[in-house]
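Just so you know, the protein sequences line up as chains A and B, in that order.
When the letters of the first sequence are read in order and numbered with our numbering, they come out as residues 1 to 307.
When the letters of the second sequence are read in order and numbered with our numbering, they come out as residues 1 to 273.
Source of the hints: derived by calculation from the structure; they are not laboratory data.
There's no promise every hint is true.
List of simulated lysine to aspartate or glutamate pairs, EDC-like, C-alpha gap at most 20 Å [claimed, not checked]: (1) A:Lys135 - B:Asp12; (2) A:Lys135 - B:Asp19; (3) B:Lys189 - B:Asp129; (4) B:Lys122 - A:Asp62; (5) B:Lys122 - A:Glu83.
Chain B stretches covered by chain A per the calculated footprint, using a threshold of three residues with CB under 8 Å from any CB of chain A [stated by the list, open to error]: (6) 33-45; (7) 60-69; (8) 89-96.
From a predicted model like this one, the values you see are computed outputs, not experimental measurements.
Where a beta carbon is used, it is the ideal one built from N, C-alpha and C, also for glycine.
Single-letter residue listing:
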Amino acid sequence: MSGKTKLPVGQEAIEKFGWLRAHRFLLLRRASQLLFLGLFLMGPWFGIWWVKGNLSGSLTFDILPLTDPFITIQSMVAGHWPELTALIGAIIVGVAYALIGGRVYCSWVCPINPVTDGAHWLHEKLGMPKGWQPKRGTRYWVLAMVLAVSALTGTIAWEFVNPISMLHRGLIFGMGFAWAFVLSVFVFDLFISRRGWCGHLCPVGAFYGLLGSKSVLRVSAPKRSECDDCMDCFAVCPEMHVIAPALRGQDGDTPLILSPDCTNCGRCIDVCAMDVFRFTHRFDDTPAPGRETRTRTQPASGASRAA
Amino acid sequence: MSASKPKAKSMDRRRFLQDSARGIAGCAVAGMGLSHLISDARALPAQALRPPGALEEDEFLAACIRCGLCVRDCPYDTLKLAELGEDGPATGTPFFTARDVPCEMCEDIPCVAACPTGALDKSLDNIDDAKMGVAVLIDEENCLNALGLRCDVCYRVCPVIDAAITLELAHNERSGHHAIFMPTVHADKCTGCGKCEKSCVLPGESAIKVLPMRIARAEAAEHYKLGWEDRNPLVDELIDLPDRLPGPGTDNLAAPGGFEPSFKLPGTEGAGQ
Ligand code: SF4
Ligand code: SF4
Ligand code: SF4
Ligand code: SF4
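Just chain A, with the same shape it has in the complex (with noise of 0.2 Å):
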């Protein structure tokens, strides 16, 4: 095992699948990012205007209103009741990400995340330490206090300095100097605390976690028997503390990664060589049994490492 485990992260998937098989969702996951910048940029840029607006509010095909929940709620709480083309954008978003998994909007859609796990990347081959590493909890308190400033002050708070909006309304309608925020971000992520942002603090992660709670769409973890304990999935899960009671659990216990943090990025799918993970819905009940009980300091001892 401690030969292995010198093996860069994903190594021996690759090896065994191919770089493409051991890549897969991560490409897609690229792929969905930029088909949803692309769809935006394509009216400004080409001139089809199939999609306009952005990721806050906007209108397909002259038809399908989509908005953000997030922002309609910030604007309720701060006093204005939106008009029903709102209401109904919000509804339908609200819905989709309820049944696929709240936080498939940070890993398919939201445009910071390449950026996140861009500094992601850079911390890891500059070898940095953790840095600040806030409670579990504090991305809800980020969110109430959200809430309680739109309520506040009449407005919709976050939208002020949401990098988010502030990068993808700031490529398709003009950037002015709000990539400093991006840059902001991508500094925090870097040097202050790793995966900070997106891992701790961002509210529109924490209302779409708590949006896709009870979500059907689910990453499973039906062959844990056959784990290894390289922890190459804990290594590339931006959201780590989700893996071990499903992995880790014994007979009696699910399979199904059912914490709202899970991003439904596939990712640990893609880096396990024993081919331990898949996507699969919540309602899945194939018995997974659990692995043989080992002696208890070499998980603990392996999970100290990849943290």
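Put chain B with the ligands on the given structure of chain A with help from the hints.
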């Protein structure tokens, strides 16, 4: 075991209370920072005009989600989403600068139709009722008409010509025998479209500028009655003042029994009858 359990519980509670206290304190600090930033970002510069039908600025920032759909549907590229550090209004909110591109007052008001949230109020169904601001002839010392020349451009381009803006005749004191055609804006009819400001022929700044209502307009003084306006009597039917009817005691020469002046002006013979 039984002894350690309550202890663990109280540790849990202490931990919980500590975390909560920390959370609340952190939120309070971050929240104050955010509120401060918001109050800074709220200051809307005078040259930035909101699209037609925009709610009052306070409500607008609660309603507008900064989607830019109004911008996309404006056929004249009048509207723009504010960019951080380059434009004055809150980042991402729609506005226009009249001197650059004014509002062409589209009859079907596509910007309002496009707004999904109601930040641009759909109850605006006639663009002539829009109140994006009000034009003010702000530099009378350089306005060519005010100097006694005939430029008239701001007047000519106004989509609500002769109602929102008129040329008021005044004596030209400087020349002694010419008229001044003073461009004069009537706030109740002016939509604030900015066509006049855009077309002012002066180089650089315009002599006539559209200002937001909140800056351009004072409040009418309630305790002064404008007695000359229709249905606005000086005294509300409390006292019935005597009507001036033709009859004895008046100076109406045409009335029977009126006083005849003791002298006759030349050429007024028979004016009485
Ligand atoms: S946590 Fe926030 S910034 Fe990160 S991907 Fe999710 S929504 Fe985007
Ligand atoms: S009325 Fe027409 S020109 Fe004026 S802002 Fe709206 S869409 Fe643009
Ligand atoms: S369409 Fe409405 S909500 Fe969207 S930017 Fe314009 S005013 Fe704001
Ligand atoms: S802003 Fe100027 S052009 Fe527009 S309605 Fe008012 S006076 Fe006329």
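Now the hints, each set against the structure:
With a C-alpha separation of about 15 Å, the suggested pair Lys135 (chain A) and Asp12 (chain B) falls inside the 20 Å cut-off, and the hint holds. Distance check on the hinted pair: Lys135 (chain A) and Asp19 (chain B) sit about 9 Å apart at the alpha-carbon level, within 20 Å; holds. Restraint check for Lys189 (chain B) and Asp129 (chain B): the C-alpha separation of about 8 Å stays at or below 20 Å, so the hint holds. Our distance criterion of 20 Å between C-alpha atoms is met by Lys122 (chain B) and Asp62 (chain A), whose separation comes to about 18 Å.
At roughly 9 Å between alpha-carbon atoms, Lys122 (chain B) and Glu83 (chain A) fall within 20 Å of each other, so this suggested pair holds. For the stretch 33-45 of chain B, the stated coverage by chain A holds: 7 residues have a C-beta nearer than 8 Å to a C-beta of that chain, and at least 3 were required. Residues of the stretch 60-69 of chain B lying with their CB closer than 8 Å to a CB of chain A number 9, which satisfies the three-residue condition for coverage. With a threshold of 8 Å between beta carbons, the proposed coverage of the stretch 89-96 of chain B by chain A holds, since 3 of its residues qualify and at least three are required.
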